[in-house]
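Start from the sequences, fold in the hints, and give me the full structure.
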Amino acid sequence: MFRKVTPGDKALSFHFEGGVCSAEPGDTVALALLVAGIDSCRDSVVSGQPRGPYCLMGACFECLVVIDGVQNLQGCQVQVREGMVVTRQRGGRHALGDTLS
Amino acid sequence: MEQAEIVIVGGGLMGAALAWALAGLGHDVLVLDGGDLDPRASRANLGLVWVSDKGVGQPDYAILSRDAALHWPAFAAVIQEETGIDLQLQQPGGFNFALSEQELEQLTANMATIADQTHGELCSYEILDREEVRVRLPHIGPGVVGASFCPYDGHVNSLRLFNALHLAMTKRGVDYRPQRPVELIEPTDDGFTVSGAWGAVRARKIILAAGLGNTRLAPMVGLYAPLVRSKGQVIVTEKCRPFFPSVSGALRQTGEGSVLIGESQETHTGSLAVNHSISAVLAERAARVFPVIADLNVVRIWTGFRVKTPDGMPIYQQSETHPGAFVMLCHSGVTLTALHALEIAPQISAGVLQPRLQPFHARRLHVS
Amino acid sequence: MSASLIEHADRLAARYDVVVVGAGPAGLTAATQVAAEGLSVLVLDENLAPGGQIYRAITLRAQTGRDYLGAAYWDGKRIADAFLASSLTYAPAARVWSLDPASPRDDEPYARIGVSLGGASRHVQARRVILATGALERPTPVPGWALPGVMTAGAAQIALKSAGLVPSGRVVLAGCGPLLYQLAMQLQGAGADIVALLDTGPGMGSAWQHLPQFLFSPYVIKGLSLLMSVRRRLRVVSGVRHLAIEGEAKARQVRFETERGTETLTADLVLLHQGIIPDTALANSAGCALEWNESIRAFQPKVDVQGCSSLAGIFVAGDGARIVGALAAAETGRAVALAVLAQLRAERAEQFEQQRVDVLKRSAWLQRGRRFIDAAYLPTQPFLAPEDSSTLICRCEEVTAGTVREAAKRGACGPNQLKTFTRCGMGPCQGRLCGPTVVELLADEGRISPAQVGTYRLRAPIKPLRLAEIAGLPATSAAIHAVTGVWPLTPKTHPAQIDRELSNDR
Numbered sequence: 001m002f003r004k005v006t007p008g009d010k011a012l013s014f015h016f017e018g019g020v021c022s023a024e025p026g027d028t029v030a031l032a033l034l035v036a037g038i039d040s041c042r043d044s045v046v047s048g049q050p051r052g053p054y055c056l057m058g059a060c061f062e063c064l065v066v067i068d069g070v071q072n073l074q075g076c077q078v079q080v081r082e083g084m085v086v087t088r089q090r091g092g093r094h095a096l097g098d099t100l101s
Numbered sequence: 001m002e003q004a005e006i007v008i009v010g011g012g013l014m015g016a017a018l019a020w021a022l023a024g025l026g027h028d029v030l031v032l033d034g035g036d037l038d039p040r041a042s043r044a045n046l047g048l049v050w051v052s053d054k055g056v057g058q059p060d061y062a063i064l065s066r067d068a069a070l071h072w073p074a075f076a077a078v079i080q081e082e083t084g085i086d087l088q089l090q091q092p093g094g095f096n097f098a099l100s101e102q103e104l105e106q107l108t109a110n111m112a113t114i115a116d117q118t119h120g121e122l123c124s125y126e127i128l129d130r131e132e133v134r135v136r137l138p139h140i141g142p143g144v145v146g147a148s149f150c151p152y153d154g155h156v157n158s159l160r161l162f163n164a165l166h167l168a169m170t171k172r173g174v175d176y177r178p179q180r181p182v183e184l185i186e187p188t189d190d191g192f193t194v195s196g197a198w199g200a201v202r203a204r205k206i207i208l209a210a211g212l213g214n215t216r217l218a219p220m221v222g223l224y225a226p227l228v229r230s231k232g233q234v235i236v237t238e239k240c241r242p243f244f245p246s247v248s249g250a251l252r253q254t255g256e257g258s259v260l261i262g263e264s265q266e267t268h269t270g271s272l273a274v275n276h277s278i279s280a281v282l283a284e285r286a287a288r289v290f291p292v293i294a295d296l297n298v299v300r301i302w303t304g305f306r307v308k309t310p311d312g313m314p315i316y317q318q319s320e321t322h323p324g325a326f327v328m329l330c331h332s333g334v335t336l337t338a339l340h341a342l343e344i345a346p347q348i349s350a351g352v353l354q355p356r357l358q359p360f361h362a363r364r365l366h367v368s
Numbered sequence: 001m002s003a004s005l006i007e008h009a010d011r012l013a014a015r016y017d018v019v020v021v022g023a024g025p026a027g028l029t030a031a032t033q034v035a036a037e038g039l040s041v042l043v044l045d046e047n048l049a050p051g052g053q054i055y056r057a058i059t060l061r062a063q064t065g066r067d068y069l070g071a072a073y074w075d076g077k078r079i080a081d082a083f084l085a086s087s088l089t090y091a092p093a094a095r096v097w098s099l100d101p102a103s104p105r106d107d108e109p110y111a112r113i114g115v116s117l118g119g120a121s122r123h124v125q126a127r128r129v130i131l132a133t134g135a136l137e138r139p140t141p142v143p144g145w146a147l148p149g150v151m152t153a154g155a156a157q158i159a160l161k162s163a164g165l166v167p168s169g170r171v172v173l174a175g176c177g178p179l180l181y182q183l184a185m186q187l188q189g190a191g192a193d194i195v196a197l198l199d200t201g202p203g204m205g206s207a208w209q210h211l212p213q214f215l216f217s218p219y220v221i222k223g224l225s226l227l228m229s230v231r232r233r234l235r236v237v238s239g240v241r242h243l244a245i246e247g248e249a250k251a252r253q254v255r256f257e258t259e260r261g262t263e264t265l266t267a268d269l270v271l272l273h274q275g276i277i278p279d280t281a282l283a284n285s286a287g288c289a290l291e292w293n294e295s296i297r298a299f300q301p302k303v304d305v306q307g308c309s310s311l312a313g314i315f316v317a318g319d320g321a322r323i324v325g326a327l328a329a330a331e332t333g334r335a336v337a338l339a340v341l342a343q344l345r346a347e348r349a350e351q352f353e354q355q356r357v358d359v360l361k362r363s364a365w366l367q368r369g370r371r372f373i374d375a376a377y378l379p380t381q382p383f384l385a386p387e388d389s390s391t392l393i394c395r396c397e398e399v400t401a402g403t404v405r406e407a408a409k410r411g412a413c414g415p416n417q418l419k420t421f422t423r424c425g426m427g428p429c430q431g432r433l434c435g436p437t438v439v440e441l442l443a444d445e446g447r448i449s450p451a452q453v454g455t456y457r458l459r460a461p462i463k464p465l466r467l468a469e470i471a472g473l474p475a476t477s478a479a480i481h482a483v484t485g486v487w488p489l490t491p492k493t494h495p496a497q498i499d500r501e502l503s504n505d506r
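Residue numbers (the working numbering), protein chains in the order written: chain P, 1 to 101; chain C, 1 to 368; chain X, 1 to 506.
Check the hints yourself; a few may be wrong.
Cut-off 20 Å, straight-line C-alpha distance, at most; resulting in silico cross-link-like pairs (EDC-like, lysine to aspartate or glutamate) [said to hold, decoys possible]:
#1 X:Lys77 - X:Asp67
#2 X:Lys222 - X:Glu406
#3 P:Lys4 - X:Asp388
#4 X:Lys409 - C:Glu284
#5 X:Lys409 - X:Asp444
#6 P:Lys10 - P:Glu82
#7 X:Lys250 - X:Asp268
#8 P:Lys4 - X:Asp67
#9 X:Lys250 - P:Glu24
#10 X:Lys222 - X:Asp444
#11 C:Lys171 - C:Asp86
#12 C:Lys171 - X:Glu406
#13 P:Lys4 - X:Asp193
#14 X:Lys361 - X:Glu347
#15 P:Lys10 - P:Glu24
#16 C:Lys171 - C:Glu82
#17 X:Lys302 - X:Asp193
#18 X:Lys409 - X:Glu387
#19 X:Lys77 - X:Glu46
#20 X:Lys250 - P:Asp9
#21 C:Lys171 - C:Asp28
It is worth saying that the hints were derived from the structure and are not from the lab.
What follows is the structure, given as structure tokens:
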């Protein structure tokens, strides 16, 4: 859905839903997912509709994902780190963590 | 001048419940309500249907609350039938958690007092120790030293209750008019004239259900509604999957999944601003009760003023000097809604409040 | 000298002379100006680097080979560099979640700012606060706007500026406002495949009365040449109505109507825009009075000639006060800084006041022609208050235009009562994506002005905050008493303690 105008030479890798994606240092999770062709990162809380990044500036709360087990994080506000594990935010979060879903 | 049989001043849970019920009894009802930013206890509450420790030293109030809780299932069923809205009523019994031995002693004493003063009518509570609480609620934190449990307690979705009551009363023909703040009520030969900057209407009967506004309006029709300042503050988290299948006096999870936390009372301030220090205490205690919620995001903190009398009990009264004028106020508007609709509205309809409501006459509050 | 960067709440001082919220052109300029006079300055900003949205990532990315961003973008480099060379404290990635004005009872009046930084929260005090919170894009409620593959024009610009990203499929731009045209040029310059720009705006007709003034605007040459370039290079469709995005799990096509009939375009990415409006969340939550600006149809903080809000000590600068554009925003930031300096360095008030007059002149010059731009790009009514009842208004709670209109008919007399009826505005975005539309819908239903409708009353935290962070804030004994009914201190010591705490504890 998005591509780098000029691909950089440094790359980080992170996991999304079991697959491996790459990003450049400084990229946010939301942007890195868009580059990986993933436009939907969560299912809405009320009806379960697929949603994806909308504003990329921290206002809309549409790009919520689970990062290294921490739920409901705004993907546009977190930079990718090497080896990061990202999963879809499926509806409301579990207060009891992912282990008790 | 426009005329209505019954004018209700206030369209919150109190006014709407009475309007709905009175319309059902065949009355012609007009509800005059205030504006968007008026103080409204109906949108600032935890949504508890609560009996537990209510009415220490006030057995009539304790029993009234219990009876309200007993009315709830029938009331919620009728509302759902008329509107299709599920009020998410659940009455699984409620806990009050103690975070110190001192708090547990206080809870124990309160529950015993209520049982004693109601002559055993409200004796079916339990006091649980640390282990007994953990057996019932596996996610409880190690800081909880014990709890009281009352089988009558429950909760309801109070936003849906408000919305459903408004829908239901309109369906029953109630005329609801917002942005009609009442400035003056004047008794006439055959009723009352109610007026504001918007104009005036005539009414045969008038019910003051104006929350904090009752204090100002009541004397216009020979009634008395003294209130004390009592500010509450509630923390609301993001939605999460169910983790607390019961309810407590300070914390509940709504049907949508949000956790509501609040048990504070401030008496020194008239400002609606959030008190961060109180937020800290509320959050710290809630996270000690349920450590699993510590990482939830708080999406909102709001404050509101309780409609609270000096002794905390409701006022239900008809004016002696101006019969046909009633004042109806309480600070447990959610719990008591079912009772207001099913029990008190018929008495207003008949024009006579029953002796059971005598303890809630405002004369008890007169400074002698 | 250089700005001292802090990454954790522990490193915040308890008190600063001036706290600036936001590091866009207004915030950067204001902070630089105040710091130059030796006052202690803290700048709190949500982004990871200075620049705000307009100059986003200006200090991070290589300047070469980015011609597509345009010369105007690089104007920000000078402002950001001067800021980073200033003697002040700068906290990027900071989330400001509360603002309380100084209590009139306090001897030394300090406002309090709640900030989350590095996973912990605390409150800092400030003698003066400068809000430079910038603008938000106005919501763009059309059928299908919540589908993946639909983003704002601003989002695409952020992707381009901050990570050098360009859309890889077929792109449709739709809406109205100068940013849409600017983005079209930037994306095309960067190699995007733009199928069409669908202009939903009112056209120039309504703006002619402001044209003479616009001819003297600093934007006139740039603006007109931009319009002409876009029209020369891209397909621009004017007079677009009934815009809808269609697709099952993601956007597949855009349907719209013009005078010539209905048309459908296949798209992989749809970028929507309906202009920008002040981000008033923090000012609103603090209790600053807001006023309705009919020329852009938005609420903005009410400010006096000094740039001070209705609350003493809280100033507002830049697009967060009134939409003026990046160049003028920087000047309003400078003007507000000088007003603050005149108060805090009273012995030199006259000098600061003189400078401020000059700055205001420059700012006014930079704003000439604004009325023309506002009028020419004001969204048309159906994009402000959607007519289609199934259009989603509150994306968080999934409330539609039909539900909002029906609640209005049933007596939901304002945005705050509407919440009680519908849950509209109660989700994590806290009304940012529905508030402006709700106001328009209620105004439309009630046949009244949005000024009469009012807007959401916001409370802290204005952005979600972990419960544990709130639990970690200091608790006074008065607060413990308010919750537990028990004083944590001995009776002998508590009365004085309580008095002190009550006055500090708001």
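For this session: Starting from the hint list further up, note which numbers the structure goes against and sort them upward.
Result: 2, 3, 4, 9, 10, 14, 17, 20
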